[in-house]
Every structure is written in structure tokens, then in C-alpha cells.
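All chains, full assembly: derive it from the sequences and hints.
Residue numbering for the sequence shown is 30 to 278, as defined by the numbering used here.
Keep in mind the hints are simulated off the structure, nothing from the lab. Backbone N, C-alpha and C fix where the C-beta goes; we use that ideal spot for every residue, glycine too. You may find that some hints are simply not true.
Unchecked claim - With a straight-line Cα cutoff of 27 Å, these simulated BS3-like cross-link-like pairs (lysine-lysine) come out:
#: 1; residue 1: 102; residue 2: 145
#: 2; residue 1: 102; residue 2: 33
#: 3; residue 1: 162; residue 2: 33
Unchecked claim - Cβ pair distances, simulated, as ranges:
#: 4; residue 1: 243; residue 2: 178; range: 24 to 30 Å
#: 5; residue 1: 163; residue 2: 84; range: 37 to 43 Å
#: 6; residue 1: 206; residue 2: 240; range: 36 to 42 Å
#: 7; residue 1: 210; residue 2: 60; range: 24 to 30 Å
#: 8; residue 1: 199; residue 2: 55; range: 19 to 25 Å
#: 9; residue 1: 55; residue 2: 251; range: 56 to 62 Å
#: 10; residue 1: 188; residue 2: 134; range: 42 to 48 Å
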Amino acid sequence: MNGKIWAVTGTLGGGKTTLGAEVALIHLRGGGWMFTNVAFFADRVREWMAEGGRKFDPSRLVMLTGELSEFHKQVFRGTPEQPVLVLIDEASLDFNARDYRDTSRDLLAFVNFVRKLDIHLVFITQRFEDLDKQFRARVAELFVCRNMKALKIWGIIPCPLPFYFRVRFDNTRGNGRPVKLDSEVVFRSWAWGLFDSNALTGKGHEQFLAMQTAHASPLEKIERPAKPSASPLWPYLLAAFSAALFSSF
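Quick look at the structure:
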């Protein structure tokens, strides 16, 4: 019984999906199965695994389809030696705290049983509070990600180095509040380029795929007669200074 539930949260561009992708790819390279709505580039994953001396098995990278509210009907159970990984990006769109009454009983039962089913379930969401409270109560570890490029020292000076900050919390002990376990600084993730960070995921994303794109371009210039160049100011200043100097004698 090695199943567990994680939640990865953080600001926009904070590296949430990157962290989830790192966990997923390491799991995949170890021979595990993965079910996800994150769009991975299979050819690049194949090359990455080959560099590590492993042959990529595309059948073990399964894309979740249809309504994510029923994702539990598409996944497999794992084994104590090798749990199955389920990675869901933008989870709060499908499992929002405001809609917790709409969560089906069989999905809630599935979430309760992930430990016994040997499933490692990872929810990615911008705010932990936005996730269904019934799921939040069952999260074992919480990760908070932040892009430090947006940090301003003393509220004024931009952070001079582009890096990401990750903090891991234990959500199972304490006085109802997560307890900090550790943290790490990431300057560049090895997982970048192996997944599509611009892909739209989550409930209702289909309606935005057909949105018309506005392509910007430089505006046409208006030709205007050139203005005469202004005379330099320093000769006038020099003349005024000289006049003032000689008038003092």
C-alpha cells in the first residue's frame, strides 16, 4: 500500500507543471505507468530516456481523455513495488472547491482508496484553496512553487537572478496547517522542452482552442516634413558665462 496524494500549487509561471513533469518523467523512466492530461512530446521523451540508457515504452504514457471528473475510470491500479502515477494539471477547473457537492461518490471513494490501490495521485492547481476540500483533506504532501523573477527586494529592486523556489510541506500533521519539510532552488529544469507548457488543459479548455488569434504588426508610418535641427545649447551658455565673467571686471 504505497499510494499517496500530492498537491502542487503556486503562482502563474511558478513552475508547477514543470515540477509535476519532473516527477512523472522520473517515474516513467523507472518503468512505471503514467496517466495524465499534461501534453508530453513523445519523441523528445524517447530521446531523453535513450540518453539515460532506457527504451521508451509509449504504451505507459497514457493521455486522459473526456471528462476528467471520471478520470478514475481510465486509470490502472499499481503494485506496492511500482505504483501508478496519475498527474492532473489545472485540477481546480474540474474539482473546484465551490463544486464539491457535485463530486461523485465513486470518485470520492477512489480518492480514499488510492493508498490501497498503489496510486500516486498528483493534483496541480494555482491555489490549494481552490481544490475540492474533500481532496485537500486527503493530500499528504503540498508543494508551493514560485518564480522569483517576480520578486522585488525591499519592494523596489527586481531579483537579479532568474530562479524558481520550491517548498515542500507535510499536510498530515500539525494543528491543521501544513508543516514545512524542506525547500530547493531551481535555476533551470532538465524537463523543459519535454512537455508542452502552453497547452490548454482542464475543464472547458476546448472552447478556447478555436479563439481567433490577433496578430500584431507595426503600424504604417506617416511621412512628415523633417523639422530643422535645433541649434546646440552650449554656445549660448558659453556666451552667457563669458559675458557674466567679463562684466565682473
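*CB of residue 188 to CB of residue 134, is that within 42 to 48 Å?*
Given about 47 Å between the Cβ atoms, the range holds.
*Does residue 102 pair with residue 33 here, judged by a C-alpha cut-off of 27 Å?*
Given pair residue 102, residue 33 holds - Cα atoms ~18 Å apart, limit 27 Å.
*Sort out whether residue 145 lies within 27 Å of residue 102, counting only the CA atoms.*
16 Å, holds
_If I claimed the Cβ atoms of residue 206 and residue 240 lie 36 to 42 Å apart, would that claim hold in this structure?_
40 Å, holds
*Can the suggested window of 37 to 43 Å be confirmed for the beta-carbon pair residue 163 and residue 84?*
Since residue 163 and residue 84 have Cβ atoms about 40 Å apart, the given range 37 to 43 Å holds.
*asked:* Please check whether residue 210 and residue 60 have a Cβ separation lying inside 24 to 30 Å.
replied: 27 Å, holds
*When you take the CB atoms of residue 243 and residue 178, is the distance between them in 24 to 30 Å?*
26 Å, holds
*For the pair supplied as a hint, residue 162 and residue 33, confirm whether the alpha-carbon distance does not exceed 27 Å.*
17 Å, holds
*Return holds or violated for the Cβ distance of residue 55 and residue 251 against the range 56 to 62 Å.*
For residue 251 against residue 55, whose Cβ atoms are near 58 Å apart, the range 56 to 62 Å holds.
*Quick one: are residue 199 and residue 55 within 19 to 25 Å, going by C-beta?*
21 Å, holds
The earlier numbered hints are all upheld by this structure, with none contradicted.
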